[in-house]
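Number of protein chains: 4
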Amino acid sequence: MQKAGLSLACGARAWRSVRKASSGMARQDPLANKVALVTASTDGIGFAIARRLARDGAHVVVSSRKQHNVDRAVAALQGEGLSVTGTVCHVGKAEDRERLVATAVNLHGGIDILISNAAVNPFFGNLMDITEEMWDKILDINVKATALMTKAVVPEMEKRGYRQGGSVVIVASIGAYFPFPGLGPYNVSKTALLGLTKNLARELDQRNIRVNCLAPGLIKTSFSKVLWMDKAREESIKKVMQIRRMGKPDDCAGIVSFLCSEDASYITGETVVVGGGTPSRL
Amino acid sequence: MQKAGLSLACGARAWRSVRKASSGMARQDPLANKVALVTASTDGIGFAIARRLARDGAHVVVSSRKQHNVDRAVAALQGEGLSVTGTVCHVGKAEDRERLVATAVNLHGGIDILISNAAVNPFFGNLMDITEEMWDKILDINVKATALMTKAVVPEMEKRGYRQGGSVVIVASIGAYFPFPGLGPYNVSKTALLGLTKNLARELDQRNIRVNCLAPGLIKTSFSKVLWMDKAREESIKKVMQIRRMGKPDDCAGIVSFLCSEDASYITGETVVVGGGTPSRL
Amino acid sequence: MQKAGLSLACGARAWRSVRKASSGMARQDPLANKVALVTASTDGIGFAIARRLARDGAHVVVSSRKQHNVDRAVAALQGEGLSVTGTVCHVGKAEDRERLVATAVNLHGGIDILISNAAVNPFFGNLMDITEEMWDKILDINVKATALMTKAVVPEMEKRGYRQGGSVVIVASIGAYFPFPGLGPYNVSKTALLGLTKNLARELDQRNIRVNCLAPGLIKTSFSKVLWMDKAREESIKKVMQIRRMGKPDDCAGIVSFLCSEDASYITGETVVVGGGTPSRL
Amino acid sequence: MQKAGLSLACGARAWRSVRKASSGMARQDPLANKVALVTASTDGIGFAIARRLARDGAHVVVSSRKQHNVDRAVAALQGEGLSVTGTVCHVGKAEDRERLVATAVNLHGGIDILISNAAVNPFFGNLMDITEEMWDKILDINVKATALMTKAVVPEMEKRGYRQGGSVVIVASIGAYFPFPGLGPYNVSKTALLGLTKNLARELDQRNIRVNCLAPGLIKTSFSKVLWMDKAREESIKKVMQIRRMGKPDDCAGIVSFLCSEDASYITGETVVVGGGTPSRL
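Chains as they are written, first to last, in UniProt numbering: chain A, 1 to 282; chain B, 1 to 282; chain C, 1 to 282; chain D, 1 to 282.
It should be emphasised that the hints constitute simulated quantities derived from the structure, not laboratory data.
The reader is advised that the hints may include incorrect statements.
Same chains, same names: a pair is fine if it fits in one copy or spans any two.
Claimed, not checked - 25 angstroms max Cα-Cα, derived SDA-like pairs, lysine to any residue: (1) K238 to R207; (2) K151 to P181; (3) K238 to G182; (4) K66 to K159; (5) K151 to R244; (6) K238 to G165; (7) K231 to L107; (8) K93 to D129; (9) K137 to I243.
Given only the sequences and the hints, what does the whole structure look like? Please build it.
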């Protein structure tokens with residue numbers, strides 16, 4: 001299974017070193033030689049982030065629950081000349097989390113960056129209708145697995161040493177601040193991530209591992225489709241959210257790469273909203 | 001078990017009606033004739049809230065996991081001439097939640113108020129040391145059970161009719177905003193409750209059920225003992241929290257009664273911090 | 001002028017003592033014997049607060065910029081048997097602030113409570129059209145005068161001694177968190193008050209003077225008329241604010257009285273939103 | 001005066017075009033050909049931002065109140081081969097604001113970016129001791145002038161056309177959220193800027209002008225010296241702020257450049273805290 005989960009990464013380092021040779025500045029490859037894990041990254045926001053990290057110089061390991069999605073994403077990104085490999089990972093399973101970590105370590109010798117994007121597809125419906133099983137699933141994957149994925153990665157970041165440090169970015173949602181209508185448990189799980197970010201940041205500060213959070217607004221992905229699946233609903237949610245346009249996955253990628261870069265070395269414990277002007281907090 | 005879980009409430013209505021006869025104003029008994037459930041209310045903050053609601057005129061059903069604690073609390077409060085009964089309730093168990101609801105309905109004909117205070121005792125330790133089982137326990141009781149307890153109560157509130165409405169107060173913690181050091185999962189679960197409050201408030205608004213939240217600061221209870229168990233730790237946490245004194249359970253009771261009263265009829269979805277000046281949010 | 005600014009208060013103490021005699025509990029008159037100044041209190045939210053404080057037992061001094069408004073408010077409240085006097089006060093003028101303080105001290109021997117509600121009528125228009133003079137006026141009255149009014153009152157609160165302490169409530173607005181459309185400078189001045197509350201609370205903590213803040217949502221007053229002056233605009237703003245109904249001034253009064261009472265003695269530096277469920281902050 | 005206020009910019013475009021020729025990617029010069037005004041930029045955080053914007057490809061106009069500071073900053077930055085000119089500007093004076101705008105327009109044909117960093121040096125002392133004049137000064141410069149500077153620049157941004165848009169970054173402070181002890185009016189003025197950011201963002205959204213805000217934590221500058229002037233005070237403030245190290249001006253520069261870049265095109269109305277893990281908001 002582990003073998004099957006791995007897509008070929010032959011030549012990844014070579015590709016980057018060619019590109020890097022033509023550049024003299026750190027800024028041009030702000031993540032050069034960094035190794036990044038991105039969960040739930042074969043589509044949507046996660047995929048856009050993975051591509052951006054790789055474009056900015058990182059060796060990226062993508063993952064999601066299905067092998068064919070991993071294969072497709074890896075093929076697409078390798079096709080762009082990026083240093084990307086992948087493995088299947090269901091973040092709710094301890095052995096999958098461990099295999100993801102092992103994959104990166106075996107291939108690249110360590111881990112510097114974790115982007116924790118995995119979340120169950122939100123159920124559309126009232127909180128009063130949500131069953132105990134739905135709550136379990138959503139808290140397990142969106143909250144607990146995020147914490148445990150970080151826990152699995154931190155020892156590898158520590159091995160890099162204090163100076164090099166590490167960077168974690170957790171993907172929450174504007175729904176953490178303002179409930180998306182009809183997505184109660186999803187919203188609540190995302191609010192929890194704001195707190196998880198703060199707590200992890202505080203605890204990992206002394207190891208020079210920074211932990212930040214991205215709160216995307218209404219981004220057009222298959223994941224958020226429940227909110228914009230027909231034109232009427234899209235217009236309605238845009239009005240509620242007071243935005244002119246829905247965001248694109250790429251709108252979320254730059255800030256994540258930035259937060260992982262040296263430029264953000266004094267930023268930790270913070271959440272950045274990428275919402276196109278939708279009401280957020282002061 | 002259900003029978004055993006019930007303490008005698010004989011005469012509770014009679015007691016109140018005597019007190020009420022001497023008073024002409026609604027303000028003197030702001031919760032007169034309201035029926036209130038309070039979870040985890042045989043000690044500490046929950047107990048102080050239960051007593052206050054009863055003093056303000058409500059019929060209160062206290063509960064916690066152990067029969068002898070329920071008995072002691074009921075005896076103490078009945079001894080003060082208050083309309084208080086009790087039943088054992090482990091909020092993580094569906095049958096216990098249902099029995100608690102049934103107790104109130106059988107005894108008092110319905111439910112107007114839910115104070116959701118139940119939480120597992122916080123584990124002291126690093127997030128990096130927390131096991132999957134600890135996460136399960138804390139998210140189950142602090143978050144999921146709070147949602148499900150509300151779900152169990154809402155149908156009874158609806159039966160009261162739109163005009164009468166209902167009121168839920170969820171007990172979170174200042175740790176929701178600012179991590180108590182060493183209490184990561186507890187803090188995260190409390191952050192989730194801020195979101196749960198918002199989401200429930202929005203969904204239940206059209207039924208005239210208000211949902212608010214209390215975020216106590218550092219309150220001196222057996223529950224928070226891990227933070228002030230010796231003098232050195234108490235002084236240290238007071239300095240971190242920038243407070244002159246620790247709070248008392250009673251410091252939390254007045255605001256909860258207020259939030260359940262007619263005076264708060266335009267307040268819903270809000271969290272009030274009772275923190276003695278500890279840094280909180282704008 | 002000072003004389004003219006004073007309305008007759010003859011008998012105020014007598015009236016209260018009669019009412020109090022029939023009551024044995026502190027809760028029935030939570031502000032008994034307290035002396036309260038309320039600025040901008042001859043109409044709307046300020047008037048509702050003044051009435052409530054007086055009903056809860058306080059001696060209240062109302063004020064606003066025009067003598068005939070003061071006279072009318074005092075007459076109305078005295079007509080209800082409340083201990084209320086009044087004086088003209090333009091909070092932007094140092095001599096007016098001093099006279100207001102002197103009035104309360106001369107009449108009642110000190111000051112325990114300040115409700116700072118004064119604000120200029122908001123200009124409707126774009127930030128890009130606001131002149132320097134408009135900014136001056138709005139920052140002067142809404143921010144600076146609030147700080148200076150507090151400064152004028154604090155020495156009188158200190159004279160009461162540490163044990164008795166004092167309580168300040170500043171009236172901000174939900175516009176502090178989420179811009180009311182078209183009311184930019186007003187919104188900004190109210191955001192500043194959230195910070196002023198925090199700063200005053202911290203500084204005055206050691207004198208046992210608590211400082212809290214009220215952030216009303218969309219309340220139906222002549223002041224907010226610009227937002228609901230015709231039916232279409234009212235419906236539009238209600239949709240933007242996601243509320244079922246506009247609030248009434250009385251919806252704001254109970255919480256202010258509560259914040260000034262002994263029950264709130266562990267609450268300082270906090271803002272409470274009274275918004276009927278309109279989006280606010282976590 | 002205008003002439004005197006201008007430092008020579010000869011060759012600025014030429015320098016950049018040489019550097020740009022060797023680069024094929026937008027990311028290497030994310031602000032290529034943008035024109036940026038930075039107020040209070042001859043020292044500290046403003047200077048670090050100006051340098052970074054220029055390094056990222058922008059033509060930058062620096063400014064502050066004193067000619068010799070402008071000259072020194074321009075000389076230093078031109079010495080690094082950057083496209084930087086400067087002019088004296090006291091942001092509290094309308095004619096100075098207009099001259100600053102005119103300088104950029106005359107030299108570079110328009111304005112794309114405004115970094116509003118000007119603020120009066122904070123007074124150290126209690127709020128209860130602050131005079132009316134001190135309040136005037138601090139609100140005038142920190143709040144009103146920020147709004148008016150933006151107002152002066154927006155017409156030039158609009159001339160660029162909707163597609164090109166514009167970007168404003170306002171420099172607030174962590175003191176906006178959590179009072180720096182002893183710096184009350186400063187803190188309050190910075191809280192106001194959080195609201196100003198929101199209001200400007202909303203109003204300018206339809207013109208495709210984004211407005212964001214930077215809230216630096218404890219950064220080691222001459223400006224913040226009052227907080228760390230001796231070792232004991234530095235250690236004390238670090239403990240209060242729960243940080244391991246004070247920040248450097250450069251720690252603030254990257255995020256500002258990022259917020260002005262195409263990568264941040266879906267980010268508006270947001271404040272980013274650069275605080276090294278100091279408690280901030282969820």
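Hint-by-hint comparison with the structure:
no. : hint         : verdict
1   : K238 to R207 : between (42 angstroms within a copy, 18 angstroms between copies)
2   : K151 to P181 : between (32 angstroms within a copy, 18 angstroms between copies)
3   : K238 to G182 : both (15 angstroms within a copy, 20 angstroms between copies)
4   : K66 to K159  : neither (30 angstroms within a copy, 47 angstroms between copies)
5   : K151 to R244 : between (39 angstroms within a copy, 23 angstroms between copies)
6   : K238 to G165 : between (40 angstroms within a copy, 21 angstroms between copies)
7   : K231 to L107 : neither (45 angstroms within a copy, 47 angstroms between copies)
8   : K93 to D129  : between (27 angstroms within a copy, 18 angstroms between copies)
9   : K137 to I243 : neither (31 angstroms within a copy, 32 angstroms between copies)
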